[in-house]
Amino acid sequence: MKPTRHATYAAVCALALTACVTPATGTDSYRGKASASIEAAISEVETTRIAVDALLDDRIMVPYADETITAAESTLGAISAAFGSVQPPDDPQADELRETVTALVDAAGEAVTDARIASRRPQDADLRDALTMLDDVARELDAAEAKLR
Amino acid sequence: MRRLFAVALGILTAIGGFVDIGDMVTNALVGSRFGLSLVWVVVTGVIGICVFAEMSGRVAAISGRPTFDLVRERLGPRVGFANLVASMAVTLLTFIAEIGGVALALELASSVNYLLWIPLAGFAVWLVLWRVKFSLMENVFGLLGLSLIVFAVAVWQLGPDWSTLWNDASRPSVPASEDAPTYFYYAVALFGAAMTPYEVFFFSSGGVEERWGPRDLTTMRTNVLVGFPLGGVLSVAIAASTTLVFLPVGVQVDTLGQVGLPVAVSLGKMGLAVALIGFFAATFGAACETGLSVGYSISQYFGWQWGKYVRPREAARFHVVLLLATITGIAVLLTTVDPIKVTEYSVVFSAIALPLTYFPILVVANDPDYMGEKVNGRVANALGSVYLVIVLAAALAAIPLMILTKAGQ
Numbered sequence: 000m001k002p003t004r005h006a007t008y009a010a011v012c013a014l015a016l017t018a019c020v021t022p023a024t025g026t027d028s029y030r031g032k033a034s035a036s037i038e039a040a041i042s043e044v045e046t047t048r049i050a051v052d053a054l055l056d057d058r059i060m061v062p063y064a065d066e067t068i069t070a071a072e073s074t075l076g077a078i079s080a081a082f083g084s085v086q087p088p089d090d091p092q093a094d095e096l097r098e099t100v101t102a103l104v105d106a107a108g109e110a111v112t113d114a115r116i117a118s119r120r121p122q123d124a125d126l127r128d129a130l131t132m133l134d135d136v137a138r139e140l141d142a143a144e145a146k147l148r
Numbered sequence: 000m001r002r003l004f005a006v007a008l009g010i011l012t013a014i015g016g017f018v019d020i021g022d023m024v025t026n027a028l029v030g031s032r033f034g035l036s037l038v039w040v041v042v043t044g045v046i047g048i049c050v051f052a053e054m055s056g057r058v059a060a061i062s063g064r065p066t067f068d069l070v071r072e073r074l075g076p077r078v079g080f081a082n083l084v085a086s087m088a089v090t091l092l093t094f095i096a097e098i099g100g101v102a103l104a105l106e107l108a109s110s111v112n113y114l115l116w117i118p119l120a121g122f123a124v125w126l127v128l129w130r131v132k133f134s135l136m137e138n139v140f141g142l143l144g145l146s147l148i149v150f151a152v153a154v155w156q157l158g159p160d161w162s163t164l165w166n167d168a169s170r171p172s173v174p175a176s177e178d179a180p181t182y183f184y185y186a187v188a189l190f191g192a193a194m195t196p197y198e199v200f201f202f203s204s205g206g207v208e209e210r211w212g213p214r215d216l217t218t219m220r221t222n223v224l225v226g227f228p229l230g231g232v233l234s235v236a237i238a239a240s241t242t243l244v245f246l247p248v249g250v251q252v253d254t255l256g257q258v259g260l261p262v263a264v265s266l267g268k269m270g271l272a273v274a275l276i277g278f279f280a281a282t283f284g285a286a287c288e289t290g291l292s293v294g295y296s297i298s299q300y301f302g303w304q305w306g307k308y309v310r311p312r313e314a315a316r317f318h319v320v321l322l323l324a325t326i327t328g329i330a331v332l333l334t335t336v337d338p339i340k341v342t343e344y345s346v347v348f349s350a351i352a353l354p355l356t357y358f359p360i361l362v363v364a365n366d367p368d369y370m371g372e373k374v375n376g377r378v379a380n381a382l383g384s385v386y387l388v389i390v391l392a393a394a395l396a397a398i399p400l401m402i403l404t405k406a407g408q
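Residue numbers (numbering that gives the first Met the number 0), protein chains in the order written: chain A, 0 to 148; chain B, 0 to 408.
Warning: the hint list may mix true and false statements.
[Claimed, not checked] Some, not all, of what chain A presents toward chain B, calculated at C-beta under 8 angstroms: (1) 45; (2) 50; (3) 58; (4) 59; (5) 60; (6) 65; (7) 70; (8) 74.
Treat the hints as calculated values from the structure; they're not laboratory data. The beta carbon of each residue, even a glycine, is placed where N, CA and C say it ideally should be.
Excised from the complex, chain B in its bound form (with noise of 0.2 angstroms):
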């Protein structure tokens, strides 16, 4: 029955904390411009955060270490130079992205500048990745950011013409009104907000800080393979609602509130504030996993203690590395830069970090040295090399595809 438990609390919190602020903004953004014609992008970034989510899960099932701490040690120091660097700028801007969510969220509710919220919501997030246990963090946010399940009903409640939609979506086809560049850099943002590199360092790092064993590896996989594609889902009821009462009107969605009104519009404002408390918690959730992401990352290259699994005294450096990139977030913040907009560079930026952060899973993954028996059979591997040509191709096309289209203007 505790089983049974940790296995259910395992699947809604990977649901509750699949969503975060580049999820909320693309999907939204992208319904209200091209209607479900990208879905089958989120559907391709789901399957591949599976494979390499269960991959990096598995390695620290097996190993006890998270997937990174291996790399430096398996690739050599220049090849995990470059996938600190690359995976750690990204997730830094992300953690960016993510406060400014908090700011915002906090502002449609109090109508107080967001800009006055930011330091306390940095703040609030660092006192949380100091003093809260990792897995009261994981839960509680995790269940409450399954608030965002309102969207679903919402969508529900318009009462679309389902056979529309799912025409939308299974034959997907540039809208009239876009050109295909434009198309397609959105799909690179979406799949890169769907494959965002901190949720495998997050993953990997977490098994290790819940004390995961050979014995996890069937709850791990039932979470990854359950709770991701099921969060997946909300992803796709977000997309869903604004194609429904935007698309028709010509609404194109830059704001975190503009993200929110299907749902008063359907569901009145006991839905709005359930999205909101949706809206808080997945990015506070999101803020405290990147700011994580960024001190495991660091610390993990390193060679330093790190963890939550340790008093602070004894992972004085790590607890140093998320200090400083919690005020570095908040003075960002603070020069007044968009938050929205830089969540949409942050999706596009995760896509070209893409190959240095998956590449090593794979090969750390694939050693029997340090996984054994336990190495990736033959359907692991094949997807993860599909998967990384995918990704490869993502990379290289979101530069031009940003020039070309300034940005998917």
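With the rest of the complex left out, here is chain A (with noise of 0.2 angstroms):
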């Protein structure tokens, strides 16, 4: 292979490589995406309270509810795994953040998992403790927001 084909070839593969990833052009950026990824975060774990909710009252069948936390969950996922994509700005405060969101968002994940376990079983007990894990997610989810802002 020729040096000026290796050096394409190199580009296109590092070309390639910064696709994976979105770049955050500094903490504000950082911040932003934090702040998108809480959002996005607490739009899921609303759905799933809400479809938690009808369960217990008996106001929605097993297989949409299954569905919409299922869903919830898969998106919770990809979340976590794009906000854990984003390559932080060198700050010690972007770090701090990069780690409080991760946490936040993952455990908004294992309870939305919890949450779609319980739907599956008849026992409304799992599902009300289902629902204490996501309204403890969501109060943490909304005070992380808040401090976002």
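Using the hints, put the two chains back together into the complex; each one sits in its own frame.
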């Protein structure tokens, strides 16, 4: 392979790799992405809360609730992966923010997973436990969002 | 009595057939993020579709030929081809989204993954396009689509503060939590969903399928001027339901399952079951309409025999196009592309294609060689011209807004 071809190949590979992650151009931009991730997580947690509430009140069919909660679970996984792929700026505050947001989104994911498991079981107690977890996570997400504004 | 029944049936099917996956998802999403502050766009879009559907229906009733059959003849092959490519590409995208919508509705009812439903949904759509009579297809899915009235009942049952809702709808403004480009991006998307090109393709070609003549003009106008606005009311009801349930808690709609949740909250299982029937009927009916529209547009451009009013053997190339479009739709969806994302993009690309779709209609409806005494009057021309400016503005703004807002994020 000629040197120019090597260089072109390396450039194409570098471009392809950088395209996989969204760079944050500064702490403000990174905070913006963090805030967007928290907002998206709140949306999924609240969707799950509404579905679980409806299940407890016998206002929704189990397959419908299951699909809705499963979709929320998948979206939370995607949110976590997307935020995790963002390269934080070289700033200790950004590292701290990264840890906080990642932990919160992961906690939201776990709460929604518990809700999905509970929604497929006949016991109301499991659903109530899941709802309590969702309430806690929702409160933490709301607090984090308020802080980031 | 028989005529009255035909008018009533036409209105009901127009209402039920007005809402498709694009209307459902876009209105639900907009309601959850912007409240009712974008209702003015739905109103503008409904008036616009009434103006152009009336024109294309009149062309079909007077000339006995659908509008787009005349476009190439009247405006030449180049304009005809541009019209064909733009409108058909968007209609095919919408067709794919509708088949995906059918599969998603079945997934919600059965808990079986939508990817497993896609081949079956596509096959069922193709079978209906091939075997079922046009009027039966239109009436059954149009009437079943009326189930979406359950959203209006859900809104009423939720007991909203009507004055606040009216205030939001009548005094549009950008909500504090959103920025102006995102607000206008969704305004363009809603406009594209309301005025999607296939509606006039289907309406004018359907007129020929049902052998409209000058005597049917009143029935056609009643269907358009009563049925479409009432269909618009269904769209607003969907937006209002998500405004009431989702906006206060920060839920942003991105799945079909979320669209139906407010009905479950308000009316319980029975209401949700009716909503599911509405989802299925609206998406299946629209899949048939968009599939046929793809076949109509290609066949009419190339001058092939088209339509369901002749036997499939007599319109073989038309039916091959329908089959290929269905196979394409299934293949695209089986790549696991998100049907809701396809829907969101299809409504924005609809807005981009609007000028190429609606400009030729205005030209043909003004041509006395085709229309005789029934050419556009002053009111139709004034409204048509104003709407051409609006659709041009929406088409020009769509791509820059999409880039600026990262597709509305």
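Hint check results:
Interface restraint check for residue 45 (chain A): the shortest CB-CB distance to chain B comes to about 4 angstroms, inside 8 angstroms, so the restraint holds. Among the interface hints, the one on residue 50 (chain A) holds; its C-beta lies about 7 angstroms from the nearest C-beta in chain B, closer than the 8 angstroms criterion. A distance limit of 8 angstroms between C-beta atoms decides the matter here; for residue 58 (chain A) the minimum to chain B is near 4 angstroms, and the interface restraint holds. Interface hint status for residue 59 (chain A): upheld, as the beta-carbon distance to the closest one in chain B is roughly 4 angstroms, under 8 angstroms.
With 8 angstroms as the threshold, the beta carbon of residue 60 (chain A) comes within range of chain B, its nearest partner Cβ sitting at about 6 angstroms, so the hint holds. Because the closest C-beta pair between residue 65 (chain A) and chain B is about 5 angstroms apart, less than 8 angstroms, the hint holds. Proximity of residue 70 (chain A) to chain B holds as hinted, the smallest CB-CB distance being about 5 angstroms (cut-off 8 angstroms). At a threshold of 8 angstroms, the smallest CB-CB gap from residue 74 (chain A) to chain B is about 7 angstroms, leaving the interface hint in force.
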